[in-house]
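K.L.:
Protein chains in written order, with our numbering: chain A, 2 to 293; chain B, 7 to 330.
These aren't lab readings, by the way, just hints derived from the structure by calculation. Just to be clear, a hint being listed does not mean it is correct.
These stretches of chain B come out as covered by chain A in the derived footprint (C-beta under 8 Å, 3 or more residues) [said to hold, decoys possible]:
1) 88-102
2) 106-118
3) 138-146
4) 185-192
5) 235-244
6) 253-266
7) 285-292
Yeah, the Cβ is synthetic: ideal placement off N, Cα and C, and Gly gets one too.
In case you want the letters, here they are:
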Amino acid sequence: MTTTQLPSTPARAPLPWRLRPAARWINLTNLGALLVALFVALPLYWLVATSFKGGNEIATAHLVPHQPTLSNYSDAFSSYGFATYIENSAIVAVATTAIVLSLGTLAGYALGRLAVRGRTGIMVALLMISLFPTVALVAPLYMLMRDIGWLNSYQGLILAYTALTLPFAIWILRNYFLAIPKEMEEVAWMDGASPLRTVWSVILPQARPGLFTAGVFTFVAAWTEFLVALSLDSADRYRTIPVGIALFGGQYTTPYGTIFAASAVAMLPIALLVLIFRKAVVSGLTAGAVKG
Amino acid sequence: MPNAQTRSGPAAAAPVRTPTAERRRRAGSALERRSARLGWLFASPALLVVAAVMVFPVVFSVVMSFSDVQVTGSGIHLGSATTGNYALVFQSGRWQHALFFTVLYTVATVTVEMVLGTAIALVLERMKTGRGWMMALLLMPWAMITVISAELWSYVYNGVYGVLNSVLHPLFGHDTNVLGTPVQASVAMAVADIWKTTPFVAIIVLAGLVMLPGDIVEAARIDGAGGWTIFWKVRMPLLRPTLAIAVMFRILQAFGLFDLPYVLTNGGPGTSTESLAVLGYRVLFQDLKFGPGAAVATSTAALVLIGCLLFLKVFRAQVGQEEN
């Protein structure tokens, strides 16, 4: 793929050995990569650096905080009750992920491996539904939740997120189930294993990468979603992190230091999750692209 | 696994109707019926949730948009059927501006993101070391809470102590609040969007690049094609389905734009950066005009679906023409 570089290397005049590694490193590809890395990382760095700047330093463009302080972090938790938002987000995201993985596994298995009539139609319908802009859903969702008394509750948001993320999870899981050799589950059936047992001990271990992908995507979606959370759970007690951060400031002042401290904390679990499951995330992102 | 081999082996090799084969066949159809029953049992919880929380609201939204909705103390009455909501919405200057803004914003950001994302993917493809780290870095903006990136950029753009102002101040000799004028605010918002979503495009395009058959490129090179020619005449055409998918995803997301304008500009200055989704939300939840609000929301959904279908059609027609 990079053969173009090879012929040109011997033609160059030999460099002093000290310079050689550095000079070899300088080429268009690496310069491009450096630019890309700076483009992505600089704003992220700016956020973290600002979160350590105290009251007066916030208004400066110091690249490195001159007097780093943790006061923003303590403010976020003591004066702004950020712990509640984290707790709410964690409860909603974990519950949503658990429910979506359970229901999605069963449905993905049924629609991929069992003789359900019209399963292709169902899959296409699920895809269409998942393309729908969320703004078209919030008003009826709001009324539905109000009628059953689930506004400003965990279960209302969990139910909404479960429905929003299930179509993608079913698609991902079904794709993985399709690739498992049919003989394996037939053996289990013949040996008298119950269907649930078959899914649990034969299918699931084989589809573990699919579970990771669907799980991470569901969790990230629930952790970052704003519009539905704002519409259904705007009471302070049930605010998730995005709603909490968006409504942090007053009318005229925006406490950026506190916001960024809270943001850095809120981004940590997602960053770890994405780092740990990097391959699963990339395979989920590119599922559409590679299948065509 | 070896069990499976020995069990299915003989039956497959001898399709003669031995008693064993007959029993096996019957067992197969019974298994199929059982499989179908089980299938519905397994699929129904998920399908019911999706139907109750997504299909029903969509239908209800459409019905509401065609109704003379009355909001009373006890709740909402749908009232008589009417197209008045749509007439009201389509004639309002605010909706027309939101439509104009959303379409222009979508076209501009998606174009820049595709070009930039493809360039990044090409760089990543050539990287020999550190590609894994780069991918991890690229995933960060994607996984970031949009509200947080909006707050971050609003700090960068702040007219008094924002970092952009501290760069521009020595040049112009005065403070610059880019969020203060409509055109600059739109561009500033687009930049924030491009920063967050270009990595997503890059990752998709990279996956497409890696999947390209290497021998075709090799053949072109042997035929004497230069790097530039190979890129435009060989790789780009092969990459087009991947690019089309990325464009589709991005159009769908960009058209539903809500979090970024809501937090970064609050639709302002004035209503100059008000997207269709923000307008729909405000009409629904701030003005409590459910009929017109549903009309805004429903027409937004319809427009984006039509837009995607048109794009696919043009894309297919173009590819078809070149194949003939």
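K.L.:
Look at each hint and say if it fits the structure.
P.N.:
Against the structure, the hints:
{"no.": "1", "hint": "88-102", "result": "violated (count 0)"}
{"no.": "2", "hint": "106-118", "result": "violated (count 0)"}
{"no.": "3", "hint": "138-146", "result": "holds (count 8)"}
{"no.": "4", "hint": "185-192", "result": "violated (count 0)"}
{"no.": "5", "hint": "235-244", "result": "violated (count 0)"}
{"no.": "6", "hint": "253-266", "result": "holds (count 6)"}
{"no.": "7", "hint": "285-292", "result": "holds (count 4)"}
Going down the numbered hints, you'll see the structure goes against 1, 2, 4 and 5, while the others check out.
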